[in-house]
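Q: Read off the chains here:
There are 2 protein chains.
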Amino acid sequence: MAKKRILIVGGVAGGATCGARIRRLNEDCEIVIFEMGSYVSFANCGLPYFIGDVIVEEEKLLVATPALFENRFNIRVCTDTQVMSIDRENQSISVCDLKSGEQRVEHYDALVLSTGSQSVWPDIQGLDLPGVHVLRTIPDSRQIKAQLENIHRAVVMGAGYLGLELAENLHKRDVQVTVLQSSDHVMPSLDKEMAAYVTNHLQKNGLNIKLNCKATAIKQNADHSLQVSMDSGESLNVDAVMISIGVKPRTELAIQAGLELGKHGGIRVNEYLQTNDPNIWAVGDVVEVKNVITNEWQLFPLAGPANKQGRLAATDIVRKKIHTIPSIPYRGVQGTTVCGLFGLTVATTGVNEKTLQQFPDIEYEKVYLHPSNHVGYYPGAKPIHIKMLYDARNGKILGAQALGESGVARRIDVLASFIQMGGTVYDLEEAELCYAPQFGATKDPVNLAGMIAANHLRGNHPLAKWEDLADTHTQVTDDQDDVDQMLAFIMDDPYSQAQIVDVRTIAEFERKHIPHAVNIPLDSLRDRLDELSQEREIWVVCGVGQRAYNATRILQQHGFRVRNLSGGMQTYANYEE
Amino acid sequence: MAKKRILIVGGVAGGATCGARIRRLNEDCEIVIFEMGSYVSFANCGLPYFIGDVIVEEEKLLVATPALFENRFNIRVCTDTQVMSIDRENQSISVCDLKSGEQRVEHYDALVLSTGSQSVWPDIQGLDLPGVHVLRTIPDSRQIKAQLENIHRAVVMGAGYLGLELAENLHKRDVQVTVLQSSDHVMPSLDKEMAAYVTNHLQKNGLNIKLNCKATAIKQNADHSLQVSMDSGESLNVDAVMISIGVKPRTELAIQAGLELGKHGGIRVNEYLQTNDPNIWAVGDVVEVKNVITNEWQLFPLAGPANKQGRLAATDIVRKKIHTIPSIPYRGVQGTTVCGLFGLTVATTGVNEKTLQQFPDIEYEKVYLHPSNHVGYYPGAKPIHIKMLYDARNGKILGAQALGESGVARRIDVLASFIQMGGTVYDLEEAELCYAPQFGATKDPVNLAGMIAANHLRGNHPLAKWEDLADTHTQVTDDQDDVDQMLAFIMDDPYSQAQIVDVRTIAEFERKHIPHAVNIPLDSLRDRLDELSQEREIWVVCGVGQRAYNATRILQQHGFRVRNLSGGMQTYANYEE
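Residue numbers (the working numbering), protein chains in the order written: chain V, 1 to 577; chain C, 1 to 577.
Just so you know, the hints here were simulated from the structure itself, not pulled from any lab data.
Below, a list of computed lysine-lysine pairs in the DSS-like style, where the Cα atoms sit at most 27 Å apart: (1) V/Lys204 / V/Lys172; (2) C/Lys60 / V/Lys443; (3) C/Lys443 / V/Lys248; (4) C/Lys204 / C/Lys145; (5) V/Lys4 / V/Lys320; (6) C/Lys60 / V/Lys382; (7) V/Lys290 / C/Lys443; (8) V/Lys382 / C/Lys382; (9) V/Lys3 / V/Lys320; (10) C/Lys248 / V/Lys443; (11) V/Lys382 / C/Lys172; (12) V/Lys204 / V/Lys192; (13) V/Lys443 / C/Lys320; (14) V/Lys60 / C/Lys443; (15) V/Lys320 / C/Lys443; (16) C/Lys145 / C/Lys248; (17) C/Lys60 / C/Lys172; (18) V/Lys443 / C/Lys290; (19) C/Lys145 / C/Lys172.
Beta-carbon label-pair distances, calculated as ranges: (20) V/Lys263 / C/Asn295: 45 to 51 Å; (21) C/Lys382 / V/Val105: 47 to 53 Å; (22) V/Glu405 / C/Lys512: 39 to 45 Å; (23) V/Pro326 / C/Arg561: 20 to 26 Å; (24) C/Pro278 / V/Gly380: 42 to 48 Å; (25) V/Lys512 / C/Asn279: 44 to 50 Å; (26) V/Val105 / C/Glu510: 45 to 51 Å; (27) C/Gln256 / V/Lys512: 51 to 57 Å.
Just so we're clear, the structure is a prediction, and the values are computed from it rather than from any experiment. Cβ atoms here follow ideal geometry from the backbone N, Cα and C, with glycine treated the same way.
Isolated chain V, as found in the complex:
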């Protein structure tokens, strides 16, 4: 019997993993990887850090070479080779050697499309000018690095992970960086009020951040610098422009072959990463994936999922084409991300509130908290700002966002694990996690998130949201979506139906407080209950929510209708942004 031929288009992340895994499962088949670029299996996540000289040697970015694939995995790698078309009927592809220009036809028993994604370019003039860059490949990074000594000012378009990592690394190389973001906050994976921390942090570290701002044109000045015009009417003169407004699946081949695509433009695959052609699989940035929380298709172009998909596609290919082995379906993506920016870690898992608002069937609740990464009595404690979303009906955790200098990825990884396992806020209460003074607290931030949410669900701890406050007054404004405007109204209105009681100390209150809030420090609350009206609901606020929780319990038991403004003044500060 002839050896099975497995061809893989694209040799980074998903494709490379897929090839190696197929070989481990089967020694007999022939495996060939075709890579349009000159490198396979390179560390694309490391490129911004190569620009910033955090990673100094270019060769470190080469995780595996064609020679390693050949010697270790008996996989042939054809770099600088573009796959031009797929002939599904004859199970063959037409490939072109980009160096010689020669074309040839290669037969396959199974084909894997790991063609990845490409940059989205804005629809503006001047993108072809020298000094306008994207950062997707080693040659891209080499080109940027070669010009760095002449780049003193740069615009980065797009404040997603890559854009901000690039901005930080350019800043490290003494470039004055302005980041333009078309939406109202940085990092689209975060909700707006959580992104406010990031913006603050980036500004403190010297980046210029322009939100709600789009470039409208790039022109070359007489001195060869670039003028970036913005929709605000302003313009900036810079030496370089980095385009990082997003990526889209590289689907030319799939379209030519008539493979089914999803509504987001990615290849549609089943739970085994198989396309609608039973001889073709697809993995990585080029496919649409199902979100495990919403069960909706989406794009999620990150390296971790690409690798997992490559591994699972390999297993399915061997199972269906070569010999029987157990199947392993892909469970979908969960939305776990992490990013480090000037010492701040920003991480997410599950879905954010923006996303949940698109699914009216999901009744969610949220908590904000600001615990320390470890007990306060051990030196060096740093706050972690957490927002957690959970299902109001059963307490299932739906998503979390966290930011801080230390211990952030750890807490998000724990929450990611609970989400994967269908865990609830009640499970978080009970979690037995690492505790020693320098590592956490007897009530870990994860425990606390669970306790606050579970107390809320049990009715012991009603939570107020800034939006709730606004919603009770929708009659006074025509723009129901404008939370900021409503808030401003509420806070200026001494006759609003809620009385805000600030239970911090007098000194804390005097430093800053919500307009028209009344100050009754927690420790005197029991003695001053007669100052409060039973007529109006009470929203209690403190620094981060903990003293207000105690106050809520006291007031609730004395017959007041009361809610804790979740996250306290820390969260208020974000809503003010």
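Please build the complex by placing chain C on the supplied structure of chain V, with the hints as guidance.
A: Chain C in isolation, oriented as in the chain V frame:
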């Protein structure tokens, strides 16, 4: 109706948490905490770091004061007050004011015993000599600190968490420290081969570690220094001796009251922390707890579980004595621990192999791995040494031990979360965790642990254990328990039934290898298959297990009987210890 009276004996950790939680659930009852010492709610986990001047100010150790309990929680705190006896029939306790000597009787509707634990003292002479200390309270730490300038050499008896933390902190204060441990490895929560890393690390950092060593007597020398005699026949002259060989539940009161105890000497409680007297609850170090993995009673005197228990006992007391609220049972302890020693983090969750060996019904398997905390191409990657134990029948994770400089608590917390949720090694394969170059890898250490174990369970990746190797040769030795001896035998025996194939490079092999191993570098393995015999099973070894995995796959498919020596030369080095 008279107010319910809830009395709490012991005001640290569990007792303090219990009181605060009862108050949050009910404003009406009377709550009194009786504390024998002078402080409530102090940070006992911080005491070693107070000795080491990591925590400089003593007041930082006072997490909450009696005044705070009074003002915030309306809880009366009686410090320096010992509860002498319990009269269960009359629901009262007899208390003694230790300052005035006055005794009084206090009635209770509910009583909480949070009496904690006390040091186990060795059965040797000289314990009453000046210079012999335990570290359990703030006064203990004050006493040690006051004498530090005269302490140049010290013996710490006991290499558990507290003993080693204390040893590190004494070393920080320029004390020359010798640690005596009666068993064959430090940190009883670890298995021996994992503890070998810790011993090495402590020695490298200047501690003198004596294993299998017990003190037999302490005598005072003419110069007032102490002479510690050991069962080895040696003796040490030191200025201080710290006793840290363990703790035992402080059950005098429970015994006097005739409450049921368990076989380990702790108070027996049900899942609501209620004793066999329906008016008495007990929490913290004084109770026995059920292990969630083995379902056996054990002692687990740590602060995290004590706090959780205090919270749950409070809920149950209010539910049963005051008003209906939802019940929350305690799920038991899981064994999560963490300890930092000279920059090394050592963490565990679930059970260790020593424990599993006592449960022949549990068929377990284990994997060793040594991944980096983040991708190697990003600077500063550090290894994490992991041992994971899982159920051979269904892949359920049973326990894990990990050590390293960075990212250790994070991985153990993730594994703890999966254990809590009944997760399997297959779930670990699929976990979507935080990845960016400075935070992890597309295959996180947790994913890798799952993949290695799942591949093993699927039959793709048979693992060998050093003990397996020995077990196949039990006929040659009388002492079946002496793995070291068997190993030595096997390794010296060119005719043993397994051939050891080392697939590292020639240079690596030449630096160090297992006696009688054959070197066939992985990348030439396919060309050199004819050098191997089909007669004898092959055990493949490499640096950490990854290349050997690839070799195992190649050999298995070519018809060889083959196993990967789990953890490679890294783990071999531990077994050599």
